[in-house]
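Enquirer: Line by line, the protein sequences give chains Y and R. Using this note's numbering, the first residue of the first sequence is number 12, and each one after it goes up by one. Using this note's numbering, the first residue of the second sequence is number 12, and each one after it goes up by one.
Hints listed in this document are in silico derivations from the structure and should not be mistaken for laboratory results. It is possible that part of the hints are untrue.
Just so you know, same-sequence chains aren't split out, so a pair can sit in one copy or run between any two.
[Unchecked claim] With a straight-line cut-off of 20 Å between C-alpha atoms, the simulated SDA-like cross-links for lysine to any residue are:
#1 LYS389 x GLY465
#2 LYS499 x THR587
#3 LYS292 x ILE226
#4 LYS503 x THR587
#5 LYS189 x GLU289
#6 LYS477 x ASP195
#7 LYS416 x PHE604
#8 LYS503 x ALA581
#9 LYS492 x ALA598
#10 LYS340 x ASN603
#11 LYS481 x ASP213
#12 LYS551 x ASN603
#13 LYS328 x PHE604
#14 LYS262 x VAL72
#15 LYS89 x LEU263
#16 LYS234 x PHE244
Just so it is clear, the structure is predicted and the values come from calculations on it, not from any experiment.
Number of protein chains: 2
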Amino acid sequence: MPRYIAPTKDIQFLLHDVLNVSEAEIPGYADLEADFTGAILEEAGKLASEVLQPLNTTGDVEGCTLENGVVRTPTGFKDAFEQMKAGGWSGIDFPEEYGGQNLPQVVSSAVGEFFSAANQAFTMYQGLTHGAASAILAHGSEDQKQTYLPKMVACDWTGTMNLTEPHCGTDLGMMRTKAEPQDDGSYSVTGQKIFISAGEHDLADNIIHLVLAKIPGGPDGIKGVSLFIVPKFLVNEDGSLGARNGVSCGKLEEKMGIHGNATCVMNYDGAKGWLLGEEHKGMRAMFTMMNEARLGVGMQGLAQADAAYQNAVDYAKDRLQGRDVTGAKNPDGPADPIIVHPDVRRALMDQKSFAEGARAFILWGATLIDKAHRAGDKDADGLVSLMTPVIKGFLTDQGYDMTVKAQQIYGGHGYIEEWGMSQYTRDARIAMIYEGANGVQALDLVGRKLAQDGGKHVMAFFDLVKNFIKENGGSDDAYDKEFLEPLKAASKDLQAAGMYFMQNGMSNPNNALSGSNDFMHMFGHVCLGLMWAQIGKAAKAALAEGTGDTEFFETKLATGRYYMARQLPATALHLTRIQSGADTVMALDAANF
Amino acid sequence: MPRYIAPTKDIQFLLHDVLNVSEAEIPGYADLEADFTGAILEEAGKLASEVLQPLNTTGDVEGCTLENGVVRTPTGFKDAFEQMKAGGWSGIDFPEEYGGQNLPQVVSSAVGEFFSAANQAFTMYQGLTHGAASAILAHGSEDQKQTYLPKMVACDWTGTMNLTEPHCGTDLGMMRTKAEPQDDGSYSVTGQKIFISAGEHDLADNIIHLVLAKIPGGPDGIKGVSLFIVPKFLVNEDGSLGARNGVSCGKLEEKMGIHGNATCVMNYDGAKGWLLGEEHKGMRAMFTMMNEARLGVGMQGLAQADAAYQNAVDYAKDRLQGRDVTGAKNPDGPADPIIVHPDVRRALMDQKSFAEGARAFILWGATLIDKAHRAGDKDADGLVSLMTPVIKGFLTDQGYDMTVKAQQIYGGHGYIEEWGMSQYTRDARIAMIYEGANGVQALDLVGRKLAQDGGKHVMAFFDLVKNFIKENGGSDDAYDKEFLEPLKAASKDLQAAGMYFMQNGMSNPNNALSGSNDFMHMFGHVCLGLMWAQIGKAAKAALAEGTGDTEFFETKLATGRYYMARQLPATALHLTRIQSGADTVMALDAANF
Numbered sequence: 012m013p014r015y016i017a018p019t020k021d022i023q024f025l026l027h028d029v030l031n032v033s034e035a036e037i038p039g040y041a042d043l044e045a046d047f048t049g050a051i052l053e054e055a056g057k058l059a060s061e062v063l064q065p066l067n068t069t070g071d072v073e074g075c076t077l078e079n080g081v082v083r084t085p086t087g088f089k090d091a092f093e094q095m096k097a098g099g100w101s102g103i104d105f106p107e108e109y110g111g112q113n114l115p116q117v118v119s120s121a122v123g124e125f126f127s128a129a130n131q132a133f134t135m136y137q138g139l140t141h142g143a144a145s146a147i148l149a150h151g152s153e154d155q156k157q158t159y160l161p162k163m164v165a166c167d168w169t170g171t172m173n174l175t176e177p178h179c180g181t182d183l184g185m186m187r188t189k190a191e192p193q194d195d196g197s198y199s200v201t202g203q204k205i206f207i208s209a210g211e212h213d214l215a216d217n218i219i220h221l222v223l224a225k226i227p228g229g230p231d232g233i234k235g236v237s238l239f240i241v242p243k244f245l246v247n248e249d250g251s252l253g254a255r256n257g258v259s260c261g262k263l264e265e266k267m268g269i270h271g272n273a274t275c276v277m278n279y280d281g282a283k284g285w286l287l288g289e290e291h292k293g294m295r296a297m298f299t300m301m302n303e304a305r306l307g308v309g310m311q312g313l314a315q316a317d318a319a320y321q322n323a324v325d326y327a328k329d330r331l332q333g334r335d336v337t338g339a340k341n342p343d344g345p346a347d348p349i350i351v352h353p354d355v356r357r358a359l360m361d362q363k364s365f366a367e368g369a370r371a372f373i374l375w376g377a378t379l380i381d382k383a384h385r386a387g388d389k390d391a392d393g394l395v396s397l398m399t400p401v402i403k404g405f406l407t408d409q410g411y412d413m414t415v416k417a418q419q420i421y422g423g424h425g426y427i428e429e430w431g432m433s434q435y436t437r438d439a440r441i442a443m444i445y446e447g448a449n450g451v452q453a454l455d456l457v458g459r460k461l462a463q464d465g466g467k468h469v470m471a472f473f474d475l476v477k478n479f480i481k482e483n484g485g486s487d488d489a490y491d492k493e494f495l496e497p498l499k500a501a502s503k504d505l506q507a508a509g510m511y512f513m514q515n516g517m518s519n520p521n522n523a524l525s526g527s528n529d530f531m532h533m534f535g536h537v538c539l540g541l542m543w544a545q546i547g548k549a550a551k552a553a554l555a556e557g558t559g560d561t562e563f564f565e566t567k568l569a570t571g572r573y574y575m576a577r578q579l580p581a582t583a584l585h586l587t588r589i590q591s592g593a594d595t596v597m598a599l600d601a602a603n604f
Numbered sequence: 012m013p014r015y016i017a018p019t020k021d022i023q024f025l026l027h028d029v030l031n032v033s034e035a036e037i038p039g040y041a042d043l044e045a046d047f048t049g050a051i052l053e054e055a056g057k058l059a060s061e062v063l064q065p066l067n068t069t070g071d072v073e074g075c076t077l078e079n080g081v082v083r084t085p086t087g088f089k090d091a092f093e094q095m096k097a098g099g100w101s102g103i104d105f106p107e108e109y110g111g112q113n114l115p116q117v118v119s120s121a122v123g124e125f126f127s128a129a130n131q132a133f134t135m136y137q138g139l140t141h142g143a144a145s146a147i148l149a150h151g152s153e154d155q156k157q158t159y160l161p162k163m164v165a166c167d168w169t170g171t172m173n174l175t176e177p178h179c180g181t182d183l184g185m186m187r188t189k190a191e192p193q194d195d196g197s198y199s200v201t202g203q204k205i206f207i208s209a210g211e212h213d214l215a216d217n218i219i220h221l222v223l224a225k226i227p228g229g230p231d232g233i234k235g236v237s238l239f240i241v242p243k244f245l246v247n248e249d250g251s252l253g254a255r256n257g258v259s260c261g262k263l264e265e266k267m268g269i270h271g272n273a274t275c276v277m278n279y280d281g282a283k284g285w286l287l288g289e290e291h292k293g294m295r296a297m298f299t300m301m302n303e304a305r306l307g308v309g310m311q312g313l314a315q316a317d318a319a320y321q322n323a324v325d326y327a328k329d330r331l332q333g334r335d336v337t338g339a340k341n342p343d344g345p346a347d348p349i350i351v352h353p354d355v356r357r358a359l360m361d362q363k364s365f366a367e368g369a370r371a372f373i374l375w376g377a378t379l380i381d382k383a384h385r386a387g388d389k390d391a392d393g394l395v396s397l398m399t400p401v402i403k404g405f406l407t408d409q410g411y412d413m414t415v416k417a418q419q420i421y422g423g424h425g426y427i428e429e430w431g432m433s434q435y436t437r438d439a440r441i442a443m444i445y446e447g448a449n450g451v452q453a454l455d456l457v458g459r460k461l462a463q464d465g466g467k468h469v470m471a472f473f474d475l476v477k478n479f480i481k482e483n484g485g486s487d488d489a490y491d492k493e494f495l496e497p498l499k500a501a502s503k504d505l506q507a508a509g510m511y512f513m514q515n516g517m518s519n520p521n522n523a524l525s526g527s528n529d530f531m532h533m534f535g536h537v538c539l540g541l542m543w544a545q546i547g548k549a550a551k552a553a554l555a556e557g558t559g560d561t562e563f564f565e566t567k568l569a570t571g572r573y574y575m576a577r578q579l580p581a582t583a584l585h586l587t588r589i590q591s592g593a594d595t596v597m598a599l600d601a602a603n604f
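Work out the full structure: start from the sequences and follow the hints.
Expert: In structure tokens form, the structure reads like this:
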């Protein structure tokens, strides 16, 4: 059975030595002293390791069941959900007036990683609720907020997001679900939604569905889509639960993974709904919280990778097989632990350097979101919007690959379900798909975000890298050579790719779009390169001070060197592919595939 | 439900236009005229598409069951197995004296791809039998051959390979299974073997287990391992079945995929066995057929990739979502098929160019095996031995990645089991692990094969590439630029990597072994680059002739250009990683992971 230990020490290092959160001029950040965040992380880590992780296999093996319209979650989920609620974790970043703790995104992202790593399927029940509540908070009327938010912030009621229909996912303009206005100001919602995570279950008294639908007579396509609140049970004026609404779960999907989460076909049959936000502005309302939601999914890529990595390390230290080619390391035993073998180390270093770099990236992204929301910083908002598809697409693609590498360390034992490594890959796989498939992320990045506000945000990103190199270079040859030079080279590759798009994408947009996936990945590498340069700087400073855990800081430097030497150079390959243009990609008639 | 159509046309093109098999001076090849191979491929394709493919999902969903020691295969497997036998497919490449058809490896590899693509779990029952029968053919006494081969060649009896034990897989020297000599010349075999594919089932009257075990008092470690024939039912002198032997299936493993194949824990409890080959030379006997076996697993990587690709193409042509950015392609419909989108094409071209290049690589490898076995060509044997870890490791790593890309085309529909795309990834995953995990393949390549016979074979490979470029360059600028120049650059990268190993591996072998995985992959890319250069040459020649299917040949050239422009340049990244050496890989103490 796998284990999971929350990386609290690493997060503390990132918050206080790298990001220096308590000194940042963002409302609420002054409270984030090391003792304070340490206490939160410790509690969250305990819940993750001791309560959620032990249920991860249970959830995978048992899955959810649907009988007579009732969905049952796996054994133990209900009890764990109550513990999560009792700890106040569901409302950690919501306003105090609705029962939350009003903590910044950077804190909720940190603890979110723990929960997701320990049990992704379980954590999704809370995650979807968070998304739905955020949309109500941003777009709801005062009455809607009072009615739903206290219950949802407490997770007494959970929430869902209903977008996809059988014939449309990415292209929601084709949606068929209808919402017909009623005399009482409500709407009658009819249609079928699929892939609805946490659509029906036994963890909460009520489920608040947010449903995209078209009001008949509205504009065609995506501009005629509105968002509705459709509760499973209608809510009486006094807040008590009334009649069952016309919404039901028609089927549970059999999936590759996240078996513990109920993925539902939801049938709306004249269900009573209330408009959330404005008519025909449903997509805008649904996507207000996009940056946070996609940051959260990118974080899942990191989380599964880290959980899988931790177990792969255990196995590599424990499994005796073969001998170190430079001399036995366990001469009294029948063989050496496989961690002595260079190719096993190569795979583990890939995972370690990814997970720690990705963690920094997520937390940096979270500080930008906080800056945007709490300090009204439009530049921060633009920068994080630019990086959102990178965070989502790059971290989930790479995160998945890392779970595959972790599984590979186990040999045949990784392929059988007994050891739990297969689950990490099967669960991680979904993050590449939902919340906008990664191809759509790449399209969003290259087709929209790059040029946004006249290209201002991507220029700001390049300046940020350039200034970091300038400000931190020249005083330490080893650091310059091992960290700054590779970062500079990678950033140059990324700029060259952007330049290629500018010069060739106007005449033929396919020249840009054929390179979108490569661009997203090279952007991700540059971001992780920047993170490692910052981490390296902080580790050097800490070592110079001579206090603290010297080995921890030395290990950070060594891991950063690995990333810089072995992973960051991938940007050159991506650039080569991008510069080969659209011709080879688009050459074939569809019939010749 | 997925479909599968055997790529008979592509194989015919490779056999007759690229490899020119019927003109090759290899015994048996003169018979391989296009009509002859065409008829075989058509029949095999029919069996694959019509009988095996429809059972692929059944096998995945039902799996195998163990009750009271009896293993039942999924519904329909028994009937399909009889059809496979009736078609004579099980003995296609075995000598006629044992009931086979004595066809070359290049033909059995071609049809093997079809069967494996249609239903990998099913085809393994036959594949394991083939491996066991091959070992008996190579090392058995005349009596053993007469007793077992006719039945095994017909698949009336199936076979297994028993290597792994709970505590050892790669490092078989640690094995504990014992074989104690008995007075009658047999041995009493006791121990436990795990991960035994097709270890127990209901498809055949008898199962012939080949079991590695140690004869007490023999040498320590791997040099004290012998190979034994242990039948499930003892065989009487007249060939009829006698008493049940002391071997049983203790458990079926729950696995990520290949559910239709019974992966057994096999308990040997004083089972009667007979030495196969010489005492203490068990590993040598087991690995005689290594090149073929690993070629077969590499082929599985290709097979799953191609099957997944075929379905991804169907979906991409069918699924309407979004519009072609350069103008609607389906203006009367609600949206364009997603195959118009550059990033979807990019993913499909990755798959197509891999599958077709890999198919050529497999068939080329098979001709080398035929040359070695049928014409006693030692150079061919050396070359294919060098490339065997590349075929196995590169094609299964890449093949798996391609199934993931195929699944991604489906968006959320790829994650639910209903569409069958998850099965391709779950089934393809095992090929990276069994028959020597891919890390072990990379180690075999860099640690052993490169230097074999004084480096003669790798030099021969480089000469082969160099000569091809020399002989085919200079007459067609476009071909030179699009095919030969990229191949030359990639081959130069590969040579530089080999040079790095030579210069830095002596002082510290970790400098070589830290780059083993990258070297295996870059070697694979150069091989596929060579294949595409050959395919391109053949397609050009056919177009110049002006006969045949012009569109087919144009498509070949376009697909080759894609590989050359977008995939082959990966060699440069691998070289960069290799040249960064072992320091960053080996820096950490095990405790600091």
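Enquirer: One pair to classify: LYS292 and ILE226, alpha carbons no more than 20 Å apart. Within, between, both, or neither?
Expert: within (11 Å within a copy, 78 Å between copies)
Enquirer: For LYS551 vs ASN603, is the C-alpha pair at or below 20 Å within one copy, between two copies, both, or neither?
Expert: between (56 Å within a copy, 17 Å between copies)
Enquirer: When Cα atoms must be at most 20 Å apart, do LYS189 and GLU289 count as within-copy, between-copy, both, or neither?
Expert: within (16 Å within a copy, 77 Å between copies)
Enquirer: Checking an output row: LYS477 and ASP195, CA cutoff 20 Å. Within, between, both or neither?
Expert: neither (59 Å within a copy, 81 Å between copies)
Enquirer: With identical chains treated as interchangeable, where does the CA-CA distance between LYS492 and ALA598 reach 20 Å or less: within a copy, between copies, both, or neither?
Expert: Classified as between: cross-chain Cα gap 17 Å, same-chain 42 Å, threshold 20 Å.
Enquirer: I want to check one pair: LYS234 and PHE244. Are their C-alpha atoms no more than 20 Å apart within a copy, between two copies, both, or neither?
Expert: neither (29 Å within a copy, 72 Å between copies)
Enquirer: How would you classify LYS503 and ALA581 at a CA-CA limit of 20 Å: within, between, both, or neither?
Expert: both (13 Å within a copy, 19 Å between copies)
Enquirer: For LYS328 and PHE604, with the copy left unspecified, which applies at a CA distance of at most 20 Å: within, between, both, or neither?
Expert: Result: close only across copies, 10 Å inter versus 46 Å intra.
Enquirer: Indicate which option fits the pair LYS503, THR587 if close means a Cα-Cα distance not exceeding 20 Å: within, between, both or neither.
Expert: both (13 Å within a copy, 17 Å between copies)
Enquirer: Given a CA cutoff of 20 Å, do LYS262 and VAL72 count as a within-copy pair, a between-copy pair, both, or neither?
Expert: Cα proximity of LYS262 and VAL72: in one copy and across copies (19 Å, 18 Å).
Enquirer: Between LYS340 and ASN603, at a C-alpha cutoff of 20 Å, which is it: within one copy, between copies, both, or neither?
Expert: between (56 Å within a copy, 16 Å between copies)
Enquirer: With 20 Å as the alpha-carbon cut-off, assign the pair LYS416 and PHE604 to within, between, both or neither.
Expert: between (31 Å within a copy, 15 Å between copies)
Taken one by one, the earlier hints fail for this structure at numbers 6, 11, 16, listed in ascending order.
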